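Q: Residue numbers (the working numbering), protein chains in the order written: chain S, 1 to 100; chain C, 101 to 338.
If you're looking for bench data, these hints aren't it; they were derived computationally from the structure. Just to be clear, a hint being listed does not mean it is correct.
Stated by the list, open to error - Just a few of them, taken from the derived set where beta-carbon distance is under 10 Å, the chain S residues facing chain C:
#	residue
1	Lys17
2	Arg29
3	Ala55
4	Thr66
What the hints assert, rightly or not - Here are the computed lysine to any residue pairs in the SDA-like style, where the Cα-Cα straight-line distance is at most 25 Å:
#	chain 1	residue 1	chain 2	residue 2
5	C	Lys161	C	Asn142
6	S	Lys85	C	Val212
7	C	Lys182	C	Ala213
8	S	Lys85	C	Phe336
9	C	Lys156	S	Met1
Owing to the predicted nature of the structure, the values given are computational and were not obtained by experimental measurement. Note that the Cβ used here is the ideal one computed from N, Cα and C, for glycine as well.
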Amino acid sequence: MDYDIQTAGNMATVTLKGRFTFADNKLIREVLGHFNSTVNNCTMDIGQLEFIDSAGLGMLILANDTIAELGGKYVLSHPNGQVKKMLELTRFSDIITVEE
Amino acid sequence: MQCVKSENSVVLCGLGVPVKALCDIASSLYGAAASLAEQTSNALILIANVDGERLKEAFDKPMAGCFEVIENDSIPHALFIKELSNGAFVFSFSSRTAYCFPVADHITNRLVASFDLSDERRECIEMALHEALVNGVIHGNLELGHIKKDTLDSLEAFNEEAEKRLSNQTYAARRIEVYIQSSATSIEVKVVDQGGGFSIDHDKWENMPWRGINLILGLATSVHAGEVDQPLTMKFDR
Numbered sequence: 001m002d003y004d005i006q007t008a009g010n011m012a013t014v015t016l017k018g019r020f021t022f023a024d025n026k027l028i029r030e031v032l033g034h035f036n037s038t039v040n041n042c043t044m045d046i047g048q049l050e051f052i053d054s055a056g057l058g059m060l061i062l063a064n065d066t067i068a069e070l071g072g073k074y075v076l077s078h079p080n081g082q083v084k085k086m087l088e089l090t091r092f093s094d095i096i097t098v099e100e
Numbered sequence: 101m102q103c104v105k106s107e108n109s110v111v112l113c114g115l116g117v118p119v120k121a122l123c124d125i126a127s128s129l130y131g132a133a134a135s136l137a138e139q140t141s142n143a144l145i146l147i148a149n150v151d152g153e154r155l156k157e158a159f160d161k162p163m164a165g166c167f168e169v170i171e172n173d174s175i176p177h178a179l180f181i182k183e184l185s186n187g188a189f190v191f192s193f194s195s196r197t198a199y200c201f202p203v204a205d206h207i208t209n210r211l212v213a214s215f216d217l218s219d220e221r222r223e224c225i226e227m228a229l230h231e232a233l234v235n236g237v238i239h240g241n242l243e244l245g246h247i248k249k250d251t252l253d254s255l256e257a258f259n260e261e262a263e264k265r266l267s268n269q270t271y272a273a274r275r276i277e278v279y280i281q282s283s284a285t286s287i288e289v290k291v292v293d294q295g296g297g298f299s300i301d302h303d304k305w306e307n308m309p310w311r312g313i314n315l316i317l318g319l320a321t322s323v324h325a326g327e328v329d330q331p332l333t334m335k336f337d338r
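Required output: the full structure, derived from the provided sequences and hints.
A: Have a look at this one:
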């Protein structure tokens, strides 16, 4: 998986690309390293993710928890394909805000 | 890719496997001399020193299955050959290969090429097979228990332990195998690891629909698992 990040004020948009699986734990730590008390709102654009597994979902939950601890808001945006199916199957929007 | 044919017409093709080794394997399996041959759609691909490109090449053509040749473990065993003889698609990889490369993606693409599968079916099978392979490698072959990974530190510790065990040849060389049979109405996918078996204790994971086992239960028409040395068997309606 790859990512890029754009920051504006206290908000950062992280765009994830590729496949998000159990092997990507170091990357998620790197992504979350960009957030702190000053930049504590996160939109994760998952429109370019091709595939996500249960471990990837677990890491999204970790990201949500991290942002919540910083007092910020966490949103997933633009899910599609297999990723959207995965979020629906797991009722992910019960836990995390998902925007189409 | 080099190919050899045994006297019973099974074609073995090698990627990273020398012709002599292919002939030796064919002789061990079928008790007869082998000769050079063209690749056919029912060839069994033998692959060694797996990397992303080589794995992609292996799956690029029609095949009956793929067997990873590992040091000191180069001959497909009886169950694998039995499933192959019964017309199943058969795949056998080391834990390291199944951990590092998108094996479920490759296998599912091969199924789509062979059967008339809708995109929706393809997605279901890939997702369930991926989760089954990951569970089989991590919890079965690497013997890593179900540890809570609810912080970045615990997640990192878990993954470091997984990679440490993958560096240990004893764990890394353990196999994970997939056998797939198709009928007019369903596709049956069996996943066999070398771990101790597990129970589908649905109550334990009830409030976590994103856990791998719950995903498998949600995606497959039926699932059977649990006993040691028995496969996880998933059935999907076509």
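Q: Hint by hint, say whether it matches the structure.
A: Tested hints:
no.: 1; hint: Lys17; verdict: violated, 15 Å
no.: 2; hint: Arg29; verdict: holds, 5 Å
no.: 3; hint: Ala55; verdict: holds, 7 Å
no.: 4; hint: Thr66; verdict: holds, 7 Å
no.: 5; hint: C:Lys161 to C:Asn142; verdict: holds, 10 Å
no.: 6; hint: S:Lys85 to C:Val212; verdict: holds, 19 Å
no.: 7; hint: C:Lys182 to C:Ala213; verdict: holds, 23 Å
no.: 8; hint: S:Lys85 to C:Phe336; verdict: holds, 17 Å
no.: 9; hint: C:Lys156 to S:Met1; verdict: holds, 18 Å
In this structure, only the earlier hint numbered 1 is contradicted, and the remaining ones agree with it.
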